[in-house]
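K.L.:
First to last, the sequence lines map onto chains Y and G.
Mind the numbering: the first sequence is residues 9 to 282 in the numbering used here, read in order.
Mind the numbering: the second sequence is residues 5 to 457 in the numbering used here, read in order.
No wet-lab data here; the hints were simulated from the structure.
Computed from a predicted structure; not experimentally measured.
Note that beta-carbon positions come from the ideal geometry of N, C-alpha and C, so glycine has one too.
Don't take each hint at face value.
[What the hints assert, rightly or not] Partial chain G-side listing against chain Y, Cβ under 10 Å, derived:
{"no.": "1", "residue": "S153"}
{"no.": "2", "residue": "L339"}
{"no.": "3", "residue": "E341"}
{"no.": "4", "residue": "G342"}
[As the list claims (entries may be wrong)] No farther apart than 30 Å at their CA atoms in a straight line, the calculated lysine-lysine pairs in the DSS-like style are these:
{"no.": "5", "chain 1": "Y", "residue 1": "K129", "chain 2": "Y", "residue 2": "K47"}
{"no.": "6", "chain 1": "G", "residue 1": "K451", "chain 2": "Y", "residue 2": "K129"}
{"no.": "7", "chain 1": "G", "residue 1": "K212", "chain 2": "Y", "residue 2": "K123"}
{"no.": "8", "chain 1": "Y", "residue 1": "K216", "chain 2": "Y", "residue 2": "K129"}
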Amino acid sequence: MSLSSKKDAQRVSLGDSLLVETACAKLAARNVNVFYGEKHAIKDVTLDINCNEVTALIGPSGCGKSTFLRCLNRMNDTIDTCRVTGTITLDGENIYASKVDSVYLRTRVGMVFQKPNPFPKSIFENVAYGPRIHGLTSSRSELESVVLTSLERAGLLEEVRDRLHASGISLSGGQQQRLCIARAIAVSPEVILMDEPCSALDPIATAKIEELIDELQHNFTIVIVTHSMQQAARVSQRTAFFHLGELVECGGTEQIFTNPVNRLTQGYITGRFG
Amino acid sequence: MHVLTLLAVLLCISLLGFRISQSRALSLARTAGLHSLPYHHGQFASLAILLPGLGVILLWSLLEAPLALWLALDHLPVPPNLADGEVRLLIAEISNIAAGYGGRQDPALLAAAWHYRELRQTSFTLAASVAVSVSLGGLVFAWRRVTPSHQARNSVERVLKIFMILCSALAVLTTAGIILSLLFEAFRFFVHVPFTAFLFGLEWSPQKALPAEQIGAVFGAVPLFTGTLLIASIAMLVATPLGLLTAIYTAEYAAPHIRTVAKPLLEILAGIPTVVYGFFAALMVAPALRDTGAMFGISISSESALAAGVVMGIMIIPFVSSLADDIMSAVPQSLREGSLGLGATQSETIRRVVLPAALPGIIGGILLAASRAIGETMIVVMAAGLSAHLTANPFAAVTTVTVQIVTLLVGDQEFDSPKTLAAFALGLVLFVVTLALNFVALQVVRKYREQYE
């Protein structure tokens, strides 16, 4: 932990061009640029995301942190005018290489969205959706056990055990978001991307999701975009600060929040702008 | 003076009232806070002038003609113990002479006609002066009501609300009237032909001359129902898959610039007059089908249910595609992203998330298209023929309910024979069926609204 923090601090001070390969970088972005038509949304971002860690992306609105997150599982492909340059590797393999299928990529890099978006189906069907389309289970009982395990790991099973066939929409906002997490887990991804997962939730539901993230990091690599600096401080081990499409600083969360190197970072975390 | 002139005068007074009240309110507003804006006071004045004036004119126009005739009849020296018909004849004659059409030069009648004319003129002058004075009264009333505390806006809005209620009541009453007349005339038909013979009879040949007691035998509407069903089914078989696939393309796959061009182009299909579809079906599609059939050794008559059904199906494609497209576009993007984020392909996303979420709305669209297909006439008249065959063969000529309604009512007909009354019975059946379809469609669409959120 302290080692990597020091390395990152060094890296930032030397500038983005110097690449530091950490021992277990799950995802590695190198000189990533994103354009929406003419707009240059992400500028030359180089960032490593370590496995079994929570990496938080913070920064003021419109700084490109969500855009960057969506590059990690090629969700930006669905936007016609979007163009991505540079490389992002998952376990050393470039996900933007032409032979990589974005559909397969997304089974390895799952996503949880800002607003809970359960399908208008039953709770069971919501979680069974991924395993079904990927043919991950061969029998009904196997599917059931996958669904129950996923709900269990998302901390939702106790609340919905007796109404698995009620509509997913009937749940409260926080439960819906945990359902979406269960749905993502059911496909057994390696990385889970979370795009401001708590911004539509009340404090109690938020606390539950944060607890869940703590649990999940033992098995998954998690990247979370958040507006709340307290949340970044609570749940993440590493924090990356974006500003106007550039990665300003990246390092151990503790170091970023107690001893930021860059003045912009310091200004943002102390609330002088944002 | 003429009624139109009178109306113009009333309008002028109301404009005058508007200006006077408004300017008075404006000058008041400089010294005190008004409850309503000056132009509300102006509107209040206009209404206070127009409404009573128009009321007087309306009342007069309803009452004057019968009243004057009644008085004129009284004026006749003839003892008025005449039969009802004769009185009516007399009345017609008097009003004819009064309007300046010759007729019999009976001095008594002539005198009555003169009297009638005079009466009408006096009554008009009377009504006009009453209307104008009532309006002027309204002007004074409104002018005196221009005070800071007067709630002119509320009064104006109340009047406008009542006016809108009347407008909507007009549409509802018209519908009720149509339904009642349908019911009433259909009932008269069922006096001649038993209900069961009509609904379950297998022969339809209303042109046959039969004695009254056997007439039920030729008014069996089953061949018409099957013909309608056959053609509508063929149309739906064409329109549903084509429309649905079109909608999936425009809503999910097409680039925005293609969508903005393709969708209006498709909707043009719905704007082509059905007559044009009709001769397209009769002159192009039907012969082409017949020749193609002959090539494969199938005999297709040159007027066939198939030709009419296929063309009708093309006509209603936009009903299905446009509605389905709107409903699929309304499915939140977040649902698509949720599915794509789980590693689903675009087609899996459409099949498993978008279509199920949009399904009730799509069914609603299909049902609306179906009720359109059932009610369609022109294409069938031109392409499917007029002969009522009880058949399920799409290559044969059939006829539909709407076509028979047209043929029953065209030409010289007496309006109380079973033949013409049958049209009302058919219309009633058609109305009930399309109403049921619309009702189901509305229910389905309503259920859809509760789906997400």
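K.L.:
It remains to establish, for every hint, whether it holds in the given structure.
P.N.:
Against the structure, the hints come out as follows:
The criterion of a C-beta within 10 Å of any C-beta in chain Y is not met by G/S153, whose closest approach is roughly 48 Å, and the hint is violated. Using the Cβ-Cβ criterion of 10 Å, the hint placing G/L339 at the interface with chain Y is satisfied: the shortest such distance is roughly 6 Å. Checking G/E341 against chain Y by beta carbon gives a least distance of about 6 Å; that is within 10 Å, so the hint holds. Of the supplied interface hints, the one on G/G342 holds, with its beta-carbon coming within about 4 Å of a beta-carbon of chain Y, less than 10 Å.
Under the criterion of a C-alpha separation no larger than 30 Å, the hint pairing Y/K129 with Y/K47 is inconsistent with the structure, at around 38 Å. In summary, the hint linking G/K451 to Y/K129 is supported, as the alpha carbons are separated by about 15 Å, within the 30 Å threshold. A hinted pair counts as satisfied when its Cα atoms are at most 30 Å apart, and G/K212 with Y/K123 does not qualify at roughly 70 Å. Between Y/K216 and Y/K129 the alpha-carbon distance is near 24 Å, which keeps this suggested pair within the 30 Å criterion.
When each numbered hint is compared with the structure, violations occur for hints 1, 5, 7.
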